[in-house]
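Just so you know, the sequences run in chain order A and B. No gaps in the numbering here: position 70 of the first sequence is 70 in our numbering, and each next residue is one more. No gaps in the numbering here: position 493 of the second sequence is 493 in our numbering, and each next residue is one more.
These are calculated hints, taken from the structure and not from any lab test. A hint or two may mislead.
[To be verified] Using 27 angstroms as the maximum straight-line C-alpha spacing, the simulated DSS-like pairs for lysine-lysine come out as follows:
(1) B:K443 x B:K324
(2) A:K81 x B:K465
(3) B:K813 x B:K587
(4) A:K81 x B:K822
(5) B:K647 x B:K664
(6) A:K81 x B:K813
Nothing here was measured: the structure is a model prediction, and the numbers come from that model.
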Amino acid sequence: MMLELSYDDEWLPICDDSVLTPGRGMAALLPDGRQVALFRDRAGRSYAIDNRDPFTGAQVLSRGLIGSAGGRPFVASPLLKQRFDLETGRCLDDEDVAVAVHEVRTRELAAVS
Amino acid sequence: MAHMPTIVLVGHGMVGQRFLEALAERGVTERARIVVLCEEPRPAYDRVRLTSYFDGRTPDDLSMVEDGFMARHGIELHLDDPAETIDREARTVTSRAGRVIAYDTLVLATGSYPFVPPVPGKDATGCFVYRTIEDLLAIEEYAKTARTGAVVGGGLLGLEAAGALKGLGLETHVVEFAPRLMPVQVDEGGGAALLRTIENMGLVVHTGTGTQEVLTEDGSVTGMALSDGTTVATDMVVFSAGVRPRDQLARDCGLAVGERGGIAVDELCRTSDPAVYAIGECAMAADGRVYGLVAPGYEMALTAAATIAEEEAKAFTGADMSTKLKLLGVDVASFGDAHGTADGCLDVVYSDSRSGIYKKLVVDPDGVLLGGVLVGDAESYGMLRPMTGTKPPVAPEQLVLPAGAGAPVSLGPQSLPDEAIICSCHNVTKGAICACSSLPEVKKCTKAGTGCGSCVKVIQQLLPKPADSGMCGCFPYTRSELYEIVRTMRSTSYAQLLDSHGREEARGGEGCEICKPAVASILASLTNEYILDGERAALQDTNDHFLANMQRNGSYSIVPRIPGGEITPEKLIVIGEVARDFGLYTKITGGQRIDLFGARVDQLPRIWTRLVDAGFESGHAYGKSLRTVKSCVGRTWCRYGVQDSVKMAIDLELRYRGLRAPHKLKSAVSGCARECAEAQSKDFGVIATANGWNLYVGGNGGATPRHADLLAQDLSDAELIRLIDRFLMFYIRTADRLERTAAWLERLEGGLDHLRDVVVHDKLGLCDELEALMAAHVASYHDEWAETLNDPERLRRFVSFVNAPDAPDPSVKFVPERGQIKPDLTILTLEPLEGASAR
Ligand code: SRM
Ligand SMILES: Cc1cc2nc3c(=O)[nH]c(=O)nc-3n(C[C@H](O)[C@H](O)[C@H](O)COP(=O)(O)OP(=O)(O)OC[C@H]3O[C@@H](n4cnc5c(N)ncnc54)[C@H](O)[C@@H]3O)c2cc1C
Ligand code: SF4
Ligand code: FES
Numbered sequence: 001m002m003l004e005l006s007y008d009d010e011w012l013p014i015c016d017d018s019v020l021t022p023g024r025g026m027a028a029l030l031p032d033g034r035q036v037a038l039f040r041d042r043a044g045r046s047y048a049i050d051n052r053d054p055f056t057g058a059q060v061l062s063r064g065l066i067g068s069a070g071g072r073p074f075v076a077s078p079l080l081k082q083r084f085d086l087e088t089g090r091c092l093d094d095e096d097v098a099v100a101v102h103e104v105r106t107r108e109l110a111a112v113s
Numbered sequence: 001m002a003h004m005p006t007i008v009l010v011g012h013g014m015v016g017q018r019f020l021e022a023l024a025e026r027g028v029t030e031r032a033r034i035v036v037l038c039e040e041p042r043p044a045y046d047r048v049r050l051t052s053y054f055d056g057r058t059p060d061d062l063s064m065v066e067d068g069f070m071a072r073h074g075i076e077l078h079l080d081d082p083a084e085t086i087d088r089e090a091r092t093v094t095s096r097a098g099r100v101i102a103y104d105t106l107v108l109a110t111g112s113y114p115f116v117p118p119v120p121g122k123d124a125t126g127c128f129v130y131r132t133i134e135d136l137l138a139i140e141e142y143a144k145t146a147r148t149g150a151v152v153g154g155g156l157l158g159l160e161a162a163g164a165l166k167g168l169g170l171e172t173h174v175v176e177f178a179p180r181l182m183p184v185q186v187d188e189g190g191g192a193a194l195l196r197t198i199e200n201m202g203l204v205v206h207t208g209t210g211t212q213e214v215l216t217e218d219g220s221v222t223g224m225a226l227s228d229g230t231t232v233a234t235d236m237v238v239f240s241a242g243v244r245p246r247d248q249l250a251r252d253c254g255l256a257v258g259e260r261g262g263i264a265v266d267e268l269c270r271t272s273d274p275a276v277y278a279i280g281e282c283a284m285a286a287d288g289r290v291y292g293l294v295a296p297g298y299e300m301a302l303t304a305a306a307t308i309a310e311e312e313a314k315a316f317t318g319a320d321m322s323t324k325l326k327l328l329g330v331d332v333a334s335f336g337d338a339h340g341t342a343d344g345c346l347d348v349v350y351s352d353s354r355s356g357i358y359k360k361l362v363v364d365p366d367g368v369l370l371g372g373v374l375v376g377d378a379e380s381y382g383m384l385r386p387m388t389g390t391k392p393p394v395a396p397e398q399l400v401l402p403a404g405a406g407a408p409v410s411l412g413p414q415s416l417p418d419e420a421i422i423c424s425c426h427n428v429t430k431g432a433i434c435a436c437s438s439l440p441e442v443k444k445c446t447k448a449g450t451g452c453g454s455c456v457k458v459i460q461q462l463l464p465k466p467a468d469s470g471m472c473g474c475f476p477y478t479r480s481e482l483y484e485i486v487r488t489m490r491s492t493s494y495a496q497l498l499d500s501h502g503r504e505e506a507r508g509g510e511g512c513e514i515c516k517p518a519v520a521s522i523l524a525s526l527t528n529e530y531i532l533d534g535e536r537a538a539l540q541d542t543n544d545h546f547l548a549n550m551q552r553n554g555s556y557s558i559v560p561r562i563p564g565g566e567i568t569p570e571k572l573i574v575i576g577e578v579a580r581d582f583g584l585y586t587k588i589t590g591g592q593r594i595d596l597f598g599a600r601v602d603q604l605p606r607i608w609t610r611l612v613d614a615g616f617e618s619g620h621a622y623g624k625s626l627r628t629v630k631s632c633v634g635r636t637w638c639r640y641g642v643q644d645s646v647k648m649a650i651d652l653e654l655r656y657r658g659l660r661a662p663h664k665l666k667s668a669v670s671g672c673a674r675e676c677a678e679a680q681s682k683d684f685g686v687i688a689t690a691n692g693w694n695l696y697v698g699g700n701g702g703a704t705p706r707h708a709d710l711l712a713q714d715l716s717d718a719e720l721i722r723l724i725d726r727f728l729m730f731y732i733r734t735a736d737r738l739e740r741t742a743a744w745l746e747r748l749e750g751g752l753d754h755l756r757d758v759v760v761h762d763k764l765g766l767c768d769e770l771e772a773l774m775a776a777h778v779a780s781y782h783d784e785w786a787e788t789l790n791d792p793e794r795l796r797r798f799v800s801f802v803n804a805p806d807a808p809d810p811s812v813k814f815v816p817e818r819g820q821i822k823p824d825l826t827i828l829t830l831e832p833l834e835g836a837s838a839r
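This is chain A alone, in the form it adopts within the complex:
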């Protein structure tokens, strides 16, 4: 299954979703230089938020640990450990902070047999 990000009103293919370890993230580079953190959870759902940790400015959110609280998925920044909701981008530890959320989908590639 191809993982695609919404970019400039189009779907940008990123990678095969099996490349992502369930429960872990990876970063993707957008054509405009922005970085996106992609995650896959145990159930196989994908999420995409900005990779930049707003508390430190470092592009590291993709390297955080993911978890769920009250049924909602989050990632904890690897630097200072603030958590961000993967669906809304809201910071769970500081209500004034949020990161951008990107639309993501997985698409069956035409079978090559």
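Starting from the known structure of chain A, fit chain B with the ligands onto it as the hints suggest.
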């Protein structure tokens, strides 16, 4: 526009500040203009803790005014500008600087001044009082040239002052007119216990004698003549013979004052002029007393503020004079009717002059507790004071006996009624405390615990324990319980564990950032398999995930293992070459090895290829695992050394490398008792003796340092290693998540003795198993970096971007500094890129 009334506060001390806070809490600061005249050059500070200035607190630490408080509430504060006159007719106050301020309401909170007995020489150079920060600064300065100091007054403040002089290195005398120390607070027996303890500390106490004259030479103090005919040679004198209310302003404008001083006020703290209030130590309360403690002053502040806010105020009819102090390291407490003045009251006394403990409870004939005195051990004060006025649930003698004598009683504060005052500084009841759920909340909502702090322990006992001791929202178990579950289930899967043993609501979910690494560590301790395969890859903390330490700009540092800190020139050269070729910043660490900073994720495999080829392996600087075993140079070179400490350090480091634990593990080996390797600050430290090795455990550096405890002496090499094996495995098995050995040992029931029973005397019959676990670890050790480099699958994660594996991360940039690099933080602080705001 409606008239905005003006409230003028004269005196910005502890009570004055509490009054301002009370006005703000009631919204009065929004409806009225508030002007404060403060005589001292600084805003209100914690006079009660004045002496802690000598323990290294700065005047700023003592401040009682939260940053921005005055500005936020629009309060005008004039420092260094005392009120000089009051015109009650015109309703104005005139300050020394010439300000004339019209008031609608005037509040006097001028406190007290130290009483200096009118003896000849009292104004000589070298005479001081003990009331303000400025007094302390002056005492400190003068003490630099002095050898001896004498304090006039053996009361509460006198003993504090004496402690301060002693702390400044002076030979210290205390002169008290009464026949015992602290005559107001303690009775004769208590005074005697106090005297012994204080004399044991090397202070010279003269009781039952007064100061007749301060002897001087050229205007400077040289000694004191006492009324018993003796003289004391001293370079300085601190007067601490009681305080007197500062009521002169009030007298001058014709307000009523008490016979022995103090501005007379009614139960609502109003003076004889209803527009003028007086609160704190300058006031004589409706019960005719002048209170020299801060808690009654705070109550008055609340009463006055509520009255001014036109709320129903709690009348101030008098207060409890209970106190608990730590004077010169001795606990002293008195509460209620400490002197037993009530009709027909009885005493229960426990006294042990060997250890300086004296406890007396005063009860009425029906057994109702009226008060008491505790000297030397005031542990039970927090419990006993709130019980005053009630009949304790056990016989009073059981309340004064030391633990271990007869049937020990431990009375929980749970047995107290809701109305019992738990915090006497802020008059907070048990009921109010129980309405909160955490200590920070209690402090915020009730202020309890923010005064002298003596009630905090009881408050903690009253607060609900967390619902369970579970590690996080996912598991209701502690780490050591989870360890046992994993061990007995032989489970190797986090997901399985979460779904079978997680909390109901967490099953099937993702887990969280707390339990994932903890379970990963347990799995690693038990199986020692490659930590990044399969599901375990998702559990590791970021640092373990990349086998390197993430730095502030997202780059990584690399720490190759350098066992015992010993390294050949060839290996040093390789490190230098690698650092040079990849442009890394190099630094000698605090752990006797070398850290290379500034690598991008995608560079890590290439850097490690070079290092592994040269014979280096992972130093696990990223893991909760063995870090370093530091060594001193030892017998081989050092003239004092008695054993080969370097060899032992290397052996230990190689034995325990890669061992994953609840927290990091550090060790050191010193070649003799001079301890150059600082082994006693390590989780396990080894010091050579003429006969072998001494093993110390539970040491810690860091923020809460702890000296390690000696576990066993004069061990052979084999005995030493066997004992460390057992110790480490027992720790790994029973410690909490992120609990280092120091904290674990502190918590371990039975402490060091228990530990010794288990790992030395094998009391639990565990030792074989512990040794077998360690043997399995040692046998299965592999270098994580070598294993990673040998497997292309495992190398796949080392890219900056999943869709552009060859692109370096453009946000990781460096700038030069002192001939090396440092992170370019300007890139990181740029405003968020366009579109990067929340949707
Ligand atoms: C690199 C180094 C500083 C240096 O430049 O010298 C260092 C760096 C860090 N220390 Fe340290 N500590 C370093 C020696 C020490 C020492 C000295 C020693 O080991 O003799 C101590 C005091 C001894 C002790 O641990 O008891 C020390 C006490 C701490 C603590 C406090 C631990 C405690 O129990 O209180 C932390 C925080 C923690 O672990 O929770 C810490 C945490 C850290 C962290 C992991 C902070 C972080 O999360 O980023 C730093 C990351 C290192 C990295 O990126 O490589 N570091 N740290 C030293 C690495 C030594 C090594 O070769 O492995
Ligand atoms: C060393 C020491 C230890 C103590 N330990 C304890 C203890 O353990 N427990 C306890 O309960 N109490 C203790 N106290 C007593 C406690 O500090 C006082 O009860 C408390 O400070 C009283 O507060 P207050 O605001 O009434 O007076 P103060 O804190 O003295 O404040 C009065 C302020 O008014 C100013 N002032 C006076 N006249 C004027 C004027 N005309 N114009 C403007 N400003 C003026 C003064 O300069 C002063 O700053 C201790 C005191 C000292 C000195
Ligand atoms: S601890 Fe002893 S043997 Fe080691 S370097 Fe110091 S003095 Fe020498
Ligand atoms: S009793 Fe002093 S702070 Fe609570």
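For each hint, the structure was consulted:
no.: 1; hint: B:K443 x B:K324; in the structure: 19 angstroms, holds
no.: 2; hint: A:K81 x B:K465; in the structure: 25 angstroms, holds
no.: 3; hint: B:K813 x B:K587; in the structure: 19 angstroms, holds
no.: 4; hint: A:K81 x B:K822; in the structure: 23 angstroms, holds
no.: 5; hint: B:K647 x B:K664; in the structure: 22 angstroms, holds
no.: 6; hint: A:K81 x B:K813; in the structure: 23 angstroms, holds
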